[in-house]
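Could you build the full structure based on these sequences and the hints that come with them?
Protein chains in written order, with our numbering: chain A, 1150 to 1317; chain B, 537 to 826.
Hint data in this document are derived by calculation from the structure and do not stem from the laboratory. Mixed in with the good hints, there may be bad ones.
Examples of chain A residues lying across from chain B (beta carbon under 7 Å, computed) [to be verified]:
1) Glu1184
2) Ala1216
3) Asp1220
4) Gln1267
5) Ile1273
6) Pro1275
7) Pro1276
8) Leu1279
9) Ser1303
As a list, the in silico SDA-like pairs of lysine to any residue whose alpha-carbon atoms are at most 20 Å apart [stated by the list, open to error]:
10) B:Lys663 / A:Ser1306
11) B:Lys818 / B:Leu565
12) A:Lys1203 / B:Ser618
13) A:Lys1247 / B:Ser685
14) A:Lys1235 / B:Ala723
15) B:Lys656 / A:Lys1247
16) A:Lys1247 / B:Asp727
17) A:Lys1235 / B:Lys818
18) B:Lys753 / B:Phe784
19) A:Lys1287 / B:Pro686
20) A:Lys1197 / B:Lys656
21) A:Lys1217 / A:Arg1188
22) A:Lys1203 / B:Gly615
23) A:Lys1231 / A:Lys1284
24) A:Lys1197 / B:Ala619
25) A:Lys1235 / B:Asp727
26) A:Lys1296 / A:Pro1236
Label-pair distances were calculated between CB atoms; the ranges are [claimed, not checked]:
27) A:Lys1231 / B:Phe588: 23 to 31 Å
28) A:Arg1188 / B:Lys782: 41 to 49 Å
29) B:Lys631 / A:Thr1190: 22 to 30 Å
Ideal Cβ positions, reconstructed from N, Cα and C, are used throughout, including at glycine.
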Amino acid sequence: MQATTPLATPAEAKLIADFDARVKAYYELRDKVDEGSARQTQSKEPEKIEAQKKALVANIQKARAAAKPGDIFTPAIQPFIKRLLKPAIKGTDGQENKNTLKEEKPNVELKVNAPYPQDQPLSIVPPDVLLQLPKLPKDMEYRFVRKHLILYDSRASLIVDFIYNAIP
Amino acid sequence: MTSTRRLPFSIAALTIVLASGALAQQLTLPNKPDSLKFAVIGDTGTGDAHQFAVAEKLIAFRNQFKYEFLLMMGDNTYGGESAQDFQRRFEAPYKPLLDAGLKFYAALGNHDTPNQRNYKLFNMGGKQYYSFRPKLGVRFFALDSNYMSPEQLTWLKQELEASGSDWKIAFFHHPLYSSGGRHGSDAALRDQLEPLFLKYSVDVVMSGHDHFYERIKPQKGIYYFVVGGSAKLRSGDIGTTGLTAKGFDSGYSFMGVEIAGDEFHFQTISDKAVTVDSGVLKRRPTPATK
Chain A
1150 MQATTPLATP AEAKLIADFD ARVKAYYELR DKVDEGSARQ TQSKEPEKIE
1200 AQKKALVANI QKARAAAKPG DIFTPAIQPF IKRLLKPAIK GTDGQENKNT
1250 LKEEKPNVEL KVNAPYPQDQ PLSIVPPDVL LQLPKLPKDM EYRFVRKHLI
1300 LYDSRASLIV DFIYNAIP
Chain B
537 MTSTRRLPFS IAALTIVLAS GALAQQLTLP NKPDSLKFAV IGDTGTGDAH
587 QFAVAEKLIA FRNQFKYEFL LMMGDNTYGG ESAQDFQRRF EAPYKPLLDA
637 GLKFYAALGN HDTPNQRNYK LFNMGGKQYY SFRPKLGVRF FALDSNYMSP
687 EQLTWLKQEL EASGSDWKIA FFHHPLYSSG GRHGSDAALR DQLEPLFLKY
737 SVDVVMSGHD HFYERIKPQK GIYYFVVGGS AKLRSGDIGT TGLTAKGFDS
787 GYSFMGVEIA GDEFHFQTIS DKAVTVDSGV LKRRPTPATK
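Shown next, in the form of structure tokens:
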């Protein structure tokens, strides 16, 4: 995993490497508990899909019972991520991205390990914005809840971590 | 014409009227035997009376026009994704079509979670973005416009490159061009997708998100449709943008499409069974035939 934005300093490269390792640890844990009745498979029966997802969420919550905000978006990387986002939301072009990010106004309580509420829309994340951020593994996404950035597990529909006020 | 010749004509006309049931209106599509026929719906998942009203017309329309599958422009279930939500907002309104074995190909909207890819009746093959080729010479690209990651763009480029001289039809939730006052054109998405569409000669692009029907004047040779009013309606939302070839924002609607050779025929029908738009588009020359 590597940020598309060229890294300015070795210190920033170190921050990214640390972030990548933390994301990887989550990803591997998620894959480990995505088994048995929690294994996500395709089905014609919505009941089955719902049950599989609930089981996966429960497994992740159990495995990460001690997880807290900042475990993945550490205090060290948060200002760096905010800095990475800046070019994509600056100027006239950036205003378009900002408008897109804020188009949806989901009402979501930011809480680590909490399911993203099913009745709330997910933000659109413009390609320019994604290009600025470190790449994520499969079924892990960056989403925004108003001006806050969340790390979203799209397989479990779960909030993994978040950064308050990631964009102005 | 003698009276003996008139009789079969009258019987044929009567048969069409009877078969059309609730959809007592004229079919403008050519209805050729070997063409590809499909329907397009968008922003459907309300489970309310409007969704059922459009579904009823869609079902009646199939008596006249045997479309083989449907495209869904996203927002497939509003307000939740429990088992009951899928039943109430999808399986119940379209039951006769599902029972007839018709396939629905879904794109994800901003009210859908990526988890919908696992619902087999949406035919997404477990993927947030995918392509399929229901007939030789026609390829569809279903994109996830909520999250246009670099990986998805790379995938799209590869898929378009490999699609050769096929008809290329892309569909996804957020419109690149729209006159909607509530949402409108998504310029950020357009910056990324339009160069690919132009390079690989995409013919037609269909979206939803804005709750009305709009046919956009061709943009750089590409035909764009907004089909986001199949259950939700933003009445009077089409603004004056200069983009509109035909707009319909005073009722709910769906599209019937027929691809026959190099022609793309379309007919857009309202929940009152009125044809609000129809016509034929010629395909763009592909890189191979330019």
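How the hints compare with the structure:
no.	hint	result
1	Glu1184	violated (16 Å)
2	Ala1216	violated (21 Å)
3	Asp1220	violated (23 Å)
4	Gln1267	holds (4 Å)
5	Ile1273	holds (5 Å)
6	Pro1275	holds (4 Å)
7	Pro1276	holds (4 Å)
8	Leu1279	holds (5 Å)
9	Ser1303	holds (4 Å)
10	B:Lys663 / A:Ser1306	holds (15 Å)
11	B:Lys818 / B:Leu565	holds (14 Å)
12	A:Lys1203 / B:Ser618	holds (10 Å)
13	A:Lys1247 / B:Ser685	holds (17 Å)
14	A:Lys1235 / B:Ala723	holds (19 Å)
15	B:Lys656 / A:Lys1247	violated (35 Å)
16	A:Lys1247 / B:Asp727	holds (15 Å)
17	A:Lys1235 / B:Lys818	violated (43 Å)
18	B:Lys753 / B:Phe784	holds (14 Å)
19	A:Lys1287 / B:Pro686	holds (12 Å)
20	A:Lys1197 / B:Lys656	holds (11 Å)
21	A:Lys1217 / A:Arg1188	violated (25 Å)
22	A:Lys1203 / B:Gly615	holds (17 Å)
23	A:Lys1231 / A:Lys1284	holds (15 Å)
24	A:Lys1197 / B:Ala619	holds (8 Å)
25	A:Lys1235 / B:Asp727	holds (19 Å)
26	A:Lys1296 / A:Pro1236	holds (16 Å)
27	A:Lys1231 / B:Phe588: 23 to 31 Å	violated (47 Å)
28	A:Arg1188 / B:Lys782: 41 to 49 Å	holds (47 Å)
29	B:Lys631 / A:Thr1190: 22 to 30 Å	holds (24 Å)
Going through the hint list in order, the structure does not satisfy hints 1, 2, 3, 15, 17, 21, 27.
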